[in-house]
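The residues making up each chain are set out below.
Number of protein chains: 2
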Amino acid sequence: MPFSLTILGSGAALPTSRRNPTAQYLNCNERHILIDCAEGTQVQLRKYGIKFQRISLVLISHLHGDHYFGLIGLLSTMNLLGRTKEIHIFGPEELKGIIELQQKASGHRYAFYIHFHPTKNDGAELIYEDRFIEITSFPLKHRVKTCGFRISEKQKEYTINGELFREDQLSLQAIPFFRRGEDYQDEEGRLFPASKYTFPPKKSASYAYFSDTALNMDNVIHAREADLLYHEATFTQRHAERARATRHATAGQAATFAQAAGVGRLLLGHISSRYADSEEHEQEARAIFENSEVVEDGSVYTC
Amino acid sequence: MPFSLTILGSGAALPTSRRNPTAQYLNCNERHILIDCAEGTQVQLRKYGIKFQRISLVLISHLHGDHYFGLIGLLSTMNLLGRTKEIHIFGPEELKGIIELQQKASGHRYAFYIHFHPTKNDGAELIYEDRFIEITSFPLKHRVKTCGFRISEKQKEYTINGELFREDQLSLQAIPFFRRGEDYQDEEGRLFPASKYTFPPKKSASYAYFSDTALNMDNVIHAREADLLYHEATFTQRHAERARATRHATAGQAATFAQAAGVGRLLLGHISSRYADSEEHEQEARAIFENSEVVEDGSVYTC
Chain A
1 MPFSLTILGS GAALPTSRRN PTAQYLNCNE RHILIDCAEG TQVQLRKYGI
51 KFQRISLVLI SHLHGDHYFG LIGLLSTMNL LGRTKEIHIF GPEELKGIIE
101 LQQKASGHRY AFYIHFHPTK NDGAELIYED RFIEITSFPL KHRVKTCGFR
151 ISEKQKEYTI NGELFREDQL SLQAIPFFRR GEDYQDEEGR LFPASKYTFP
201 PKKSASYAYF SDTALNMDNV IHAREADLLY HEATFTQRHA ERARATRHAT
251 AGQAATFAQA AGVGRLLLGH ISSRYADSEE HEQEARAIFE NSEVVEDGSV
301 YTC
Chain B
1 MPFSLTILGS GAALPTSRRN PTAQYLNCNE RHILIDCAEG TQVQLRKYGI
51 KFQRISLVLI SHLHGDHYFG LIGLLSTMNL LGRTKEIHIF GPEELKGIIE
101 LQQKASGHRY AFYIHFHPTK NDGAELIYED RFIEITSFPL KHRVKTCGFR
151 ISEKQKEYTI NGELFREDQL SLQAIPFFRR GEDYQDEEGR LFPASKYTFP
201 PKKSASYAYF SDTALNMDNV IHAREADLLY HEATFTQRHA ERARATRHAT
251 AGQAATFAQA AGVGRLLLGH ISSRYADSEE HEQEARAIFE NSEVVEDGSV
301 YTC
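Chains as they are written, first to last, in the numbering used here: chain A, 1 to 303; chain B, 1 to 303.
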């Protein structure tokens, strides 16, 4: 099952020719998720060949424009192109009114239904769950109400050793037990241990998204052992004072956070347009957490 | 004095890699005017080297997203870059609430003042006037309240023939009379005819903007003898039925309108993404009005 993240915008507030502001697309087990949606995101989605009508879940971290000004345009285009499939939007409660006001002013209703789910700001919450994935939101430390998100595959099923299963002529009734990793006992009391007939499930992948936020070690729990952690690093240590004042993070802080959470890989983004390249950020982060890199528009990460 | 129009977006509702949706920039006698502002306009302004902090007047024709979704992002960027100079926005009255709601959600007030001027939909109106230019708005025929705009230089002053003026030792009191093209009579009753001492003023340039609209010959008066007329031509005759249903115009209709108005040059835009090139539009228009052309993103027109 795919678990693939595409960076649609890697920059901070001001769009540049190199870095669009924040938006990301995650295909998690064929759940198509858009995370933040800056101005220009619909063009980025086209540019990177993503079929955006497949998006069914939209997660908006907060209502600074560089994280959501492209949403109304994307929804409008989805409608113009004939979408009828409902969509779920998770974000600050004011977002509903903003979308609806613009929709009303346009004089036409969309042909698809929008489910708005306001995010909480007083604690973590499971905001979405289905058979294969789950998504939690949790408050970040920024100038306005902001949430991070963690998207995780649910624990996967055990794989049955088909050859042994057939050889020992096991009943099909054993299958659901084995899939869950449980032993099976037949009607005659014979025990068939899962350890013999199954292979352990593949590791479930998870992605933790932290933008925008000052360093907040209380949130390490939400990134714990994620395969991928995206943590904003608007600044480097050189501008630590500016980071503090604007409630953003430095590359070093993001790396400290990644180290404490024991993640697989740290992705740094929301890079201020004052930095000409990624070197300073990567150097600073890697001194603390080796597996760090600055994302670019169009970067793809899988696990 | 400059009179220069830059096309920032020449396409219809759906942005493509070739055509951004509608936005235009007019420098009219150093009045810097933005006309409509689709998503992505701030990036287009940068791309074409326009110093957007100089923009002081914004004209929004209507509240379909492909004409204004980029405005909030542009205003937000203006603020981030330290703008303190006020700005005037003319457009449908609902626009004020849309901007204010998003501004409020962002948690910070702009450091510059926005003057909102709601446009009328029951007749033409002089919406702006200063020493050098004037702007009128007038209702178009679209699915929602929509206004077109005409931006005109005021009648220019007569130029004084300095050589003759000095030769005949005329009083400085004659100057304001001559500038207006009036004869001057001195205290002794001597008459100095303007026709002798002045050159006629240069022609005043004017630009008429019609997007989006079905053909409406009642509006010819607002385009009368404009140097430049921009008229939407979303479709060609081949899709005349679709044009009628959506209250858009065909290239042939735009040309008929230009012909009746006796304009200098017809610019066709808001081209539907279903057309691969401009040939069909230009052929259709030129059969009726020779001086017609389809605009492209980045085209510049001066007069």
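Don't take every hint at face value.
One copy or any two copies: either way a pair holds, since identical chains are not told apart in the list.
[As the list claims (entries may be wrong)] Taking lysine-lysine and the DSS-like style, the derived pairs with C-alpha atoms no more than 30 Å apart in a straight line are: (1) K145 to K104; (2) K141 to K104; (3) K145 to K202; (4) K104 to K156; (5) K47 to K196; (6) K85 to K196; (7) K196 to K120; (8) K47 to K202; (9) K145 to K156; (10) K51 to K156; (11) K85 to K47; (12) K47 to K120; (13) K156 to K141; (14) K96 to K203; (15) K96 to K156.
If you're looking for bench data, these hints aren't it; they were derived computationally from the structure.
Exercise for the section: Indicate which option fits the pair K141, K104 if close means a Cα-Cα distance not exceeding 30 Å: within, between, both or neither. Expected result: Between copies only: 19 Å across chains, 33 Å inside a chain, cut-off 30 Å.
Handout entry: Identical-chain pair category, K145 with K104, by Cα at 30 Å
Key = Both: 26 Å inside a chain and 13 Å across chains, each within 30 Å.
Exercise for the section: Could you place K104 and K156 in one of the four classes (within, between, both, neither) given a Cα distance threshold of 30 Å? Expected result: neither (44 Å within a copy, 44 Å between copies)
Problem - 30 Å Cα threshold - placement of K196 relative to K47 - result: Answer is neither: 49 Å inside a copy and 64 Å across each miss the 30 Å cutoff.
Exercise for the section: Since the copies are identical, ignore which copy is meant and state whether K96 and K203 lie within 30 Å (CA to CA) inside a copy, between copies, both or neither. Expected result: For K96 and K203, neither the intra-copy (37 Å) nor the inter-copy (51 Å) Cα distance is at most 30 Å.
Handout entry: Intra/inter-copy verdict for K145 and K156 if alpha-carbon distance must be at most 30 Å
Key = neither (34 Å within a copy, 54 Å between copies)
Practice task
At 30 Å max between alpha carbons, let me know whether K85 reaches K47 within a copy, between copies, both or neither.
Solution key: Classified as within; 23 Å inside a copy, 36 Å across copies.
Problem - Copy assignment of K156 with K141, given that the CA separation must stay at most 30 Å - result: neither (33 Å within a copy, 58 Å between copies)
Practice task
Can you give me the call for K145 and K202, within, between, both or neither, at a CA distance of at most 30 Å?
Solution key: neither (36 Å within a copy, 57 Å between copies)
Exercise for the section: If the cutoff is 30 Å on CA atoms, where do K96 and K156 land: within, between, both or neither? Let me know, please. Expected result: neither (35 Å within a copy, 51 Å between copies)
Practice task
Evaluate K47 and K120 at a C-alpha cut-off of 30 Å and name the case that applies: within, between, both or neither.
Solution key: Neither: 33 Å inside a chain and 39 Å across chains, both beyond 30 Å.
Practice task
If the cutoff is 30 Å on CA atoms, where do K85 and K196 land: within, between, both or neither? Let me know, please.
Solution key: neither (45 Å within a copy, 75 Å between copies)
Figure legend: structure checked against the earlier numbered hints; hints not met, in rising order: 3, 4, 5, 6, 7, 8, 9, 12, 13, 14, 15.
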